[in-house]
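J.: Those protein sequences? They're chains A, B, C, D, E, F and G, same order as listed. Start counting the first sequence at 1; every next residue gets the next number (UniProt numbering). Start counting the second sequence at 1; every next residue gets the next number (UniProt numbering). Start counting the third sequence at 1; every next residue gets the next number (UniProt numbering). Start counting the fourth sequence at 1; every next residue gets the next number (UniProt numbering). Start counting the fifth sequence at 1; every next residue gets the next number (UniProt numbering). Start counting the sixth sequence at 1; every next residue gets the next number (UniProt numbering). Start counting the seventh sequence at 1; every next residue gets the next number (UniProt numbering).
Just so you know, the hints here were simulated from the structure itself, not pulled from any lab data. Some hints could be false.
[As the list claims (entries may be wrong)] Taking beta-carbon pairs under 8 Å as the criterion, some of the chain D residues facing chain C (in silico): (1) 11; (2) 15; (3) 50; (4) 68; (5) 72.
[Unchecked claim] Below, in silico cross-link-like pairs of lysine to any residue (SDA-like), each with a Cα-Cα straight-line distance of 25 Å or less: (6) F:68 to G:63; (7) E:68 to F:67; (8) E:59 to E:77; (9) D:59 to E:2; (10) G:63 to G:88; (11) F:85 to G:63; (12) A:59 to B:3; (13) E:85 to D:75; (14) D:63 to D:51; (15) C:59 to D:63.
Note that this is a predicted model, so its numbers are computed, not measured. All C-beta atoms, glycine included, are put in the ideal place defined by N, C-alpha and C.
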Amino acid sequence: MNIRPLGDRVVIKRLEAEEKTKSGIVLTGSAKERPQEAEVVAVGPGGVIDGKEIRMEVKVGDKVLFSKYAGTEVKIDNDEFVILKQEDILAVVE
Amino acid sequence: MNIRPLGDRVVIKRLEAEEKTKSGIVLTGSAKERPQEAEVVAVGPGGVIDGKEIRMEVKVGDKVLFSKYAGTEVKIDNDEFVILKQEDILAVVE
Amino acid sequence: MNIRPLGDRVVIKRLEAEEKTKSGIVLTGSAKERPQEAEVVAVGPGGVIDGKEIRMEVKVGDKVLFSKYAGTEVKIDNDEFVILKQEDILAVVE
Amino acid sequence: MNIRPLGDRVVIKRLEAEEKTKSGIVLTGSAKERPQEAEVVAVGPGGVIDGKEIRMEVKVGDKVLFSKYAGTEVKIDNDEFVILKQEDILAVVE
Amino acid sequence: MNIRPLGDRVVIKRLEAEEKTKSGIVLTGSAKERPQEAEVVAVGPGGVIDGKEIRMEVKVGDKVLFSKYAGTEVKIDNDEFVILKQEDILAVVE
Amino acid sequence: MNIRPLGDRVVIKRLEAEEKTKSGIVLTGSAKERPQEAEVVAVGPGGVIDGKEIRMEVKVGDKVLFSKYAGTEVKIDNDEFVILKQEDILAVVE
Amino acid sequence: MNIRPLGDRVVIKRLEAEEKTKSGIVLTGSAKERPQEAEVVAVGPGGVIDGKEIRMEVKVGDKVLFSKYAGTEVKIDNDEFVILKQEDILAVVE
């Protein structure tokens, strides 16, 4: 992985529908602010962001739920990723 | 339960209309920002969120009232849950 | 009363027009942000809310004036209540 | 006076046009955010409001100028009052 | 002058076009947020305003430039004044 | 120069197109939030502005880039100036 | 390079599509808030910006991803640059 997110940003990769079924998570597909499942692929260093101390609570490999419209999409070597702030991650799926 | 909410987030499960009647709570169904009754199924760790110390005041099993449109809905093993911040919980029903 | 409000929230019950006349308070009925008279039925614990120390200044039994559109309405055992933050209470009527 | 305003709120009573002429203040009547002259009838205790120390600078009996659309109107024993925050009072007329 | 502004407010009196020409300041008359020249006639005490220490930097008699739509207009003894916060004063003309 | 800006404000004078070409800066003319080149003609004292310590980083004579729609225009002795806050200055051109 | 950005601002130069392909980054071209790849050409000093200590985390020569609509475009000697705040840089590409 050759992206190093700044500050409290996290890079995640959406999990396909098949993977979701395996882990038992099924996300209804119609609502507008619906979260989605993804895997964390890179984590920023945290630290003092906008005057506040932010400790990163997710790590590479975590499965997370996030809001569908949070963050910004990027494509690297034909894979799509999302860069978002940690506060837009709702929960870790274990 | 296999969802671990981050920060001051709480995972709740809506109570059905029948249960509401049993506990004596009847919620009028038409108003837009109407709260709803739910049971807490997972609680984030709290701590310093957005530069402020947040202590979690609800615990798993609490019956709570929350605003209908707060938070984000997720579906796990065909059950629907809502992930919301603790500040969107109005009251605990005892 | 079986609702325990969280943080700086207060549960109030609107006073009927007859009671208002008795206490000498008459509220004109047309303006949009018009306050209303109510009785406090439950008070949250206060404390540090959103990073600020909030001391609760109203107590159960207080007659208060509040903005008509503040807070959220709930119905319990066929009684209607409003859950609102203390800062949306304008004054105590004595 | 049987209203005790909370926090940094102040209860004022509008002065009639005649009184205004006597004190030499004439307010033009057309502009939208035009201030108005009123007399202070009750003053909240001040203190820490929304995390900030507020010292009350007006006292009962002060003539004040305030923005026409600030605060909330209430009617008590057929008198109309306005409940507003002290920061919406522009000046004291002496 | 019988107006005592509260907090960090300042009372100013607009300078007529003739006076402006004398001091060498000509303000173009068409733009919407165009500043105007005025003379300071009363200055609030400053102090802690909204949780922040404000030191008053203008004094009675100062010629100042301010934004045309800042503040509130009042009329006293047939003179028109503007009450505005010191932060809406752009500059002192010397 | 007879304008003394307050706080963290700066008075600048737009550079003409010819001057821009000399310094090698060419600004495309169509975009809406396009910056412009100007020369600093007066600098406020800085200090504690809105509760925050501001140190002035530009000085009289600096060539600066600023956002076209920031600040307020004034005309003095037929010269046009812009009064803006230092934070609306993007960069110094050297 | 003759631009010295103020505060926490950064001057970047967009990388052409060819360069993007070389580094393996391909950005899809249709979405509205799509990030873009660029090279850092000048970095402000950081320090206390708007009351908060900002440490600059990017350096001249870094390849970065940024939001397409962040910042302001300037043209110098026929090259186009973007001046933006460091917080609008999403990630460093390594």
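J.: Now, for every hint given, state plainly whether the structure supports it.
T.: Hints, one by one, checked against the model:
1. With its C-beta approaching chain C no nearer than about 7 Å, residue 11 of chain D sits inside the 8 Å limit, and its interface hint holds.
2. Interface restraint check: residue 15 of chain D against chain C, minimum CB-CB distance 19 Å, threshold 8 Å, status violated.
3. This hint holds: residue 50 of chain D has a C-beta 6 Å from the nearest C-beta of chain C, less than the 8 Å allowed.
4. For residue 68 of chain D, the suggested interface contact is broken, since its CB lies about 13 Å from the closest CB of chain C, more than 8 Å.
5. A distance limit of 8 Å between C-beta atoms decides the matter here; for residue 72 of chain D the minimum to chain C is near 5 Å, and the interface restraint holds.
6. Of the supplied pair hints, the one linking residue 68 of chain F and residue 63 of chain G is violated, its CA atoms being roughly 28 Å apart against a limit of 25 Å.
7. Restraint check for residue 68 of chain E and residue 67 of chain F: the C-alpha separation of about 21 Å stays at or below 25 Å, so the hint holds.
8. For a cut-off of 25 Å, the pair hint linking residue 59 of chain E to residue 77 of chain E stands: about 22 Å separates their Cα positions.
9. Taken as a hint, the residue 59 of chain D and residue 2 of chain E pair is honoured in the structure, with Cα atoms around 17 Å apart against an allowance of 25 Å.
10. Of the pairs offered as hints, the one joining residue 63 of chain G and residue 88 of chain G holds, with about 14 Å between alpha carbons and a cut-off of 25 Å not exceeded.
11. Restraint check: the Cα-Cα separation between residue 85 of chain F and residue 63 of chain G comes to about 31 Å, which exceeds 25 Å; the hinted pair is violated.
12. Using a Cα cut-off of 25 Å, the hinted pair residue 59 of chain A and residue 3 of chain B holds, with the two alpha carbons roughly 16 Å apart.
13. For the hint linking residue 85 of chain E to residue 75 of chain D, the alpha-carbon distance of about 31 Å lies beyond 25 Å, and the restraint is violated.
14. This hinted pair does not check out: residue 63 of chain D and residue 51 of chain D have alpha carbons roughly 29 Å apart, beyond 25 Å.
15. For the given pair, residue 59 of chain C sits about 32 Å from residue 63 of chain D by alpha-carbon distance, which is inconsistent with the 25 Å threshold.
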